[in-house]
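Given next are the chains, with one letter for each unit.
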Amino acid sequence: MTIMLMISWLLLALGLMFFLAGSIGLLRFPDSFSRLHAVTKADTLGLGLLVLGLSLQSSWREGLLMALIWLIVMASGAVSCQLLARFSDEQPSESATQQED
Amino acid sequence: MALLLFDLVLCALLLLLAGAAMLSRSLTQAVTLFIAFGVMMALAWARLKAPDLALAEAAIGAGLTGALCFTALVRYAKQPAYPQPALWRPLTFIGLVTALLLASLSQIPLQPSSAIPALVQQHLPQSGVSHPVTAVLLNFRAWDTLLELLVLLLALLGARQAPGDLPRYRGWSLSISWSRLLSPLLLLVSGYLLWRGAAAPGGAFQAGALLASGLVILRLNQQLSWLSWRHFWVRMLVLGGLLAFVLAGAVSLLLQDLGAVWLSWPQSIAGAVILIVESFATLAIAVTLTLLVVGEPKPEVADA
Amino acid sequence: MSVVALILLFSMLLGIWRVLKGPALLDRLLTIQLFGSTGVAILLVLSKVFALPALLDVALLLAILAAAAPAALVQRLRQQKQRSRQRTSL
Chain S
1 MTIMLMISWL LLALGLMFFL AGSIGLLRFP DSFSRLHAVT KADTLGLGLL VLGLSLQSSW
61 REGLLMALIW LIVMASGAVS CQLLARFSDE QPSESATQQE D
Chain Y
1 MALLLFDLVL CALLLLLAGA AMLSRSLTQA VTLFIAFGVM MALAWARLKA PDLALAEAAI
61 GAGLTGALCF TALVRYAKQP AYPQPALWRP LTFIGLVTAL LLASLSQIPL QPSSAIPALV
121 QQHLPQSGVS HPVTAVLLNF RAWDTLLELL VLLLALLGAR QAPGDLPRYR GWSLSISWSR
181 LLSPLLLLVS GYLLWRGAAA PGGAFQAGAL LASGLVILRL NQQLSWLSWR HFWVRMLVLG
241 GLLAFVLAGA VSLLLQDLGA VWLSWPQSIA GAVILIVESF ATLAIAVTLT LLVVGEPKPE
301 VADA
Chain U
1 MSVVALILLF SMLLGIWRVL KGPALLDRLL TIQLFGSTGV AILLVLSKVF ALPALLDVAL
61 LLAILAAAAP AALVQRLRQQ KQRSRQRTSL
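Chains as they are written, first to last, in the UniProt record's numbering: chain S, 1 to 101; chain Y, 1 to 304; chain U, 1 to 90.
Be careful, since some hints might not be right.
Interface residues of chain S toward chain U, partial, derived using beta-carbon atoms under 7 Å [what the hints assert, rightly or not]:
1. 8
2. 37
3. 39
4. 73
FYI, nobody ran anything at the bench for these hints, they're computed from the structure. We treat Cβ as the ideally placed atom computed from N, Cα and C, and that holds for glycine.
Using the sequences plus the hints, can you model the full thing?
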């Protein structure tokens with residue numbers, strides 16, 4: 001039981017690290033497409049680890065629901081990343097690769 | 001300790017987002033920030049252990065209000081040279097509203113009076129459902145919910161007086177197939193929320209709002225062209241919530257003895273009546289909100 | 001466990017700086033994505049902290065809405081662009 005708890009906390013900490021990494025990437029990466037990548041990918045992985053860690057501490061029904069939520073977020077991350085990038089690629093006036101001044 | 005810090009950061013974020021949304025110069029950014037604010041509000045309700053309100057705020061505040069704002073934005077077609085408002089006007093407004101809120105603050109008792117929750121708990125077995133919020137909304141105070149549906153209908157009728165001429169464009173195949181993939185899931189989860197409403201947070205308004213957001217993205221991707229005011233069945237769906245409610249009220253009046261109260265269900269069939277009324281109300285809310293947000297389709301505009 | 005929620009909220013706060021700053025439209029639209037994933041995570045953690053399973057339903061709703069939002073939003077913005085292009089060509 002305590003080993004399970006330890007694993008769970010380890011997973012939670014890892015997940016948090018990915019969330020923080022995603023946010024730092026959003027702050028520090030040089031252009032919009034890299035930032036898009038930071039938000040949609042790091043956060044999705046972070047959420048997965050978090051869900052895994054939390055479901056070790058909860059009932060199977062809650063775990064299943066959380067897994068479903070993670071699947072939805074993962075799929076939506078992949079799709080909306082594509083959509084937003086394509087949209088910004090279409091945009092002639094406001095170039096996405098524009099550097100901040 | 002961590003929870004206290006959490007509260008502080010949450011409040012700071014809420015204020016930051018609200019301020020940024022109001023003072024932002026680009027309307028697109030203002031609307032995005034407003035949606036973010038809706039999500040934060042949902043988190044705040046979750047923090048206050050009010051899952052009912054969190055659900056409603058997420059579905060309506062973040063989802064549908066955002067969609068409405070974006071629709072307004074599109075009709076405001078020219079990327080606006082949005083004039084920076086004179087700062088004293090919003091500040092006066094904020095000052096006035098804050099003063100009013102502070103004045104009304106003294107009227108709210110610090111501890112909610114325990115009489116009403118106790119009354120609800122006491123009569124809960126007669127309501128046909130086991131979740132107190134649903135019991136209040138659809139049984140004890142069914143009048144209010146009926147009138148809310150009426151307000152929604154009136155809003156749609158009002159909006160129809162100013163017809164939109166929004167042309168439709170074909171979406172990318174990715175977004176079309178994504179919306180097709182998503183729609184059965186949306187339908188499933190709306191049904192789940194509706195069903196859960198009897199025993200746990202959920203119910204017609206949340207389910208309807210979720211369903212509406214699904215219909216809206218399908219419509220934006222040029223699906224569901226039947227969803228138009230011209231079709232008889234769509235109009236019937238819009239009216240269905242109200243009709244089911246009124247019919248249920250009339251039937252329950254007939255079934256009970258003389259002296260029965262309008263819109264009070266006999267205990268034996270209360271659960272079934274509530275479920276039926278809620279189902280029709282969900283459909284009506286979903287279709288009404290969708291028509292409000294996307295307007296009428298205009299046949300065939302070539303893709304540019 | 002509430003420390004986890006706090007750190008998540010903090011990471012959201014970090015992200016908002018970029019969203020406010022821009023500079024491209026894409027950066028601003030990222031708000032929705034950021035709030036979708038981090039908001040869902042916070043709701044999951046809060047449901048554990050308060051032992052309120054109903055918050056999982058809220059997270060589910062938020063996840064689905066966040067999945068639907070970009071598709072609708074991008075379509076809308078493209079319509080807006082095409083519409084203003086039509087206006088200028090008239």
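Tested hints:
Proximity of residue 8/S to chain U is violated relative to the hint, the smallest CB-CB distance being about 10 Å (cut-off 7 Å). Checking residue 37/S against chain U: minimum C-beta separation of about 11 Å lies over 7 Å; hint violated. Taken as an interface hint, residue 39/S checks out: its beta carbon lies about 5 Å from the nearest beta carbon of chain U, inside 7 Å. For residue 73/S, the shortest C-beta to C-beta distance to chain U is roughly 5 Å, which falls under 7 Å, so the interface hint holds.
The earlier numbered hints that this structure contradicts are 1, 2.
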